[in-house]
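Under the numbering used here, the residues of the sequence shown are numbered 1 to 520, in order.
Worth flagging that the hints you see were computed from the coordinates, not collected in a lab. As the structure is a computational prediction, the values presented were derived from the model and not from experiment. Virtual Cβ for every residue (Gly too), placed ideally from N, Cα, C. Some clues are possibly wrong.
DEER-style ranges, computed between Cβ atoms [unchecked claim]: (1) 147 / 333: 51 to 61 angstroms; (2) 403 / 130: 49 to 59 angstroms; (3) 117 / 55: 27 to 37 angstroms; (4) 494 / 280: 48 to 58 angstroms; (5) 164 / 280: 47 to 57 angstroms; (6) 135 / 248: 22 to 32 angstroms; (7) 333 / 25: 29 to 39 angstroms; (8) 345 / 245: 29 to 39 angstroms; (9) 464 / 248: 40 to 50 angstroms; (10) 353 / 463: 18 to 28 angstroms; (11) 103 / 364: 37 to 47 angstroms; (12) 258 / 450: 23 to 33 angstroms; (13) 275 / 117: 18 to 28 angstroms.
Lysine to aspartate or glutamate pairs mimicking EDC-like chemistry, simulated, CA-CA at most 16 angstroms apart [to be verified]: (14) 137 / 154; (15) 505 / 415; (16) 482 / 454; (17) 186 / 103; (18) 423 / 449; (19) 186 / 454; (20) 482 / 469; (21) 482 / 422; (22) 482 / 103.
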Amino acid sequence: MGPKGKVARGVGWLAPAAAERWPGREYLLYEGQRTTFSELSQRTDGLAVDLLRHGVAPGDRVLIQLPNGLDIVLLQLAAWRIGAVAVPVVSIYRERELRQIVDLVRPAVVATSATLGGRSPVTELNTVLSELEHTPKVRYVTQGSHDGWSALPEGRSRAVGVLPEPAAADLPCLLLFTSGTTGAPKAVELTSTALLEATNGWLELALTPDDVALAVGPLAHIGGMIPGCLVPLTVGCRVVVLPRWEPEVALRTIVDERVTYTTGAPVFLSDLTALCEQRGVTALGVEHFVCGGAVTPADLIRRADAVGIAASRGYGMTETAGLVALAPPGATLEQRCSFDGHVVQGLDVRAVDDAGVPQSPGTVGNLRIRGPQLLRRYTDEGATRAQLCDGWFDPGDVGRVLADGWLEIRGRTKDIINRGGEKFSARDIEDALTEHPAVLAAVVAPVPDPRFGEAVCAFLVLTRSVSPDELEQFLLDSQMTKAKVPSEWHVVEGLPTTATGKVRKNELLENRDRARRMNR
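Please build the complete structure, drawing on both the sequences and the hints.
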């Protein structure tokens, strides 16, 4: 409840509130098109009216698989404007992942693009809908047309009176899919309260309406959505959205638009820093570059500092609305190099031993997180019971928290692979590989990669000779995301296991250099 017993306002109010405060101020720039806060609110209302016209109701799921741009922002805000639940899905997902997601979500609305590179996402999603015999109330397509699909309405609307009030802050507003230790997808359910609390955490960077954000990571990710979409709506600053990561374009945009803060995977920081070094840039003027999703080497942060990029490691995950800790203004270079941020206000983070006993400050242990930013639940009830207990969330990470709030991550307990910020279930890849007739058993594990932080490595027990090219094509033919395909392949005679039959992945990795590498 809000002040004086009123129901707290949720994210559905962000667009109209921003339009009221800064009507003529620019909110978003994408491919030359500049949109003000007033225009954003009008377009959002127009789309919300169209959703209602198709019978979309509060609580309905709105599945959005779109690349970066204004359209994905409009659809998310329009869903929230009428109390629906947004379900953003990253564009790299294909039929294999979409089939699982659609079956679980059963969306009332689906939105995707006609083309994306050499793919046709609308055809892929249409195939999945047909296979599952699911008929949404409305299907939207962008960047082209398709039979049975509607274009997004272009008109602006001031018909606020016909719109219901957005959902209260304590109700679900967002479902985001994340990978765990099993191959089955599980969605994280977040409320408006969680998103708004995480947005407030980003405001600890002391941002003002004069700041300029650069959004290069997917706005379908919580790590792109909040700093790139919700923070500008909250503080009145503008955001420049890029469709994809291209270092030359990013550097030119930062200079031309006077970008002051951005977020992204370490590979983005590495590319940008290297380009600045090549060009002799020493004062780029990026006041905050928050790296997340993968390990950021201290040497890279020092190199970035030398070219005028104040980079730091941040820590967060979908289950905490994307944020747990970040480096505040005034953090020293050594603090930015040594820690994964300072725990933001409103969150408690502690380290516990294997029995769950809290450790003293500075002691390494299994991390636990508590606060209003936490997920409401997983769609997987078993995962909810396993990772949420008495208000504390188990992220599967090991680290330490100093008495003054600085956080250092030491490792991971979850069996996932983190490739440039994209997290994949090792089990999902293993299950797909064992469907190949030549593969008797498969184990997939992360290995260090200088560009993406981690790469996918496969250890296989084979029944006959097979080439990596054949296996890669087999995975792609199964509609698996290309980024999940292993880049390193080894053949082993058998898999080392514990007494209970669990595979010792650490032993495989320790002996990786002695394992027979598969030739192309």
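Outcome of the hint check:
1. Judged by the Cβ atoms, the range 51 to 61 angstroms given for residue 147 and residue 333 holds: they are separated by roughly 57 angstroms.
2. Distance hint check: the CB atoms of residue 403 and residue 130 are about 58 angstroms apart, consistent with the given range 49 to 59 angstroms.
3. With their beta carbons about 33 angstroms apart, residue 117 and residue 55 fall inside the hinted range of 27 to 37 angstroms.
4. Range check, residue 494 to residue 280: Cβ separation about 55 angstroms, and the 48 to 58 angstroms hint holds.
5. For the hinted restraint 47 to 57 angstroms between residue 164 and residue 280, the CB-CB distance of approximately 56 angstroms keeps it satisfied.
6. At about 44 angstroms, the CB distance of residue 135 to residue 248 disagrees with the hint of 22 to 32 angstroms.
7. Checked against the hint of 29 to 39 angstroms, the pair residue 333 and residue 25 passes, with Cβ atoms roughly 34 angstroms apart.
8. The beta-carbon spacing between residue 345 and residue 245, approximately 31 angstroms, falls within the hinted interval of 29 to 39 angstroms.
9. Separation of residue 464 from residue 248 is about 46 angstroms and conforms to the stated range, judged on CB atoms against 40 to 50 angstroms.
10. For the hinted restraint 18 to 28 angstroms between residue 353 and residue 463, the CB-CB distance of approximately 44 angstroms leaves it violated.
11. Take residue 103 and residue 364: their Cβ atoms lie about 40 angstroms apart, and the range 37 to 47 angstroms holds.
12. In this structure, residue 258 and residue 450 meet the distance hint of 23 to 33 angstroms, their C-beta atoms being roughly 31 angstroms apart.
13. Between residue 275 and residue 117 the CB atoms are about 23 angstroms apart, so this pair conforms to the stated range of 18 to 28 angstroms.
14. For the suggested pair residue 137 and residue 154, the alpha carbons sit about 19 angstroms apart, so the restraint of at most 16 angstroms is broken.
15. For the proposed pair residue 505 and residue 415, the alpha carbon gap of about 10 angstroms is at most 16 angstroms, so the pair holds.
16. Under the criterion of a C-alpha separation no larger than 16 angstroms, the hint pairing residue 482 with residue 454 is consistent with the structure, at around 15 angstroms.
17. With a CA separation close to 12 angstroms, the supplied pair residue 186 and residue 103 stays within the 16 angstroms bound.
18. A C-alpha spacing of about 14 angstroms is found between residue 423 and residue 449, which places the hinted pair at or below 16 angstroms, so the restraint holds.
19. Straight-line distance between C-alpha atoms of residue 186 and residue 454 comes to about 22 angstroms, which puts the hinted pair past the 16 angstroms bound.
20. Using a Cα cut-off of 16 angstroms, the hinted pair residue 482 and residue 469 holds, with the two alpha carbons roughly 13 angstroms apart.
21. For the hint linking residue 482 to residue 422, the alpha-carbon distance of about 12 angstroms falls within 16 angstroms, and the restraint holds.
22. Between residue 482 and residue 103, the direct Cα distance comes to roughly 22 angstroms. Violation of the 16 angstroms bound is thereby established for this hinted pair.
Going through the hint list in order, the structure does not satisfy hints 6, 10, 14, 19 and 22.
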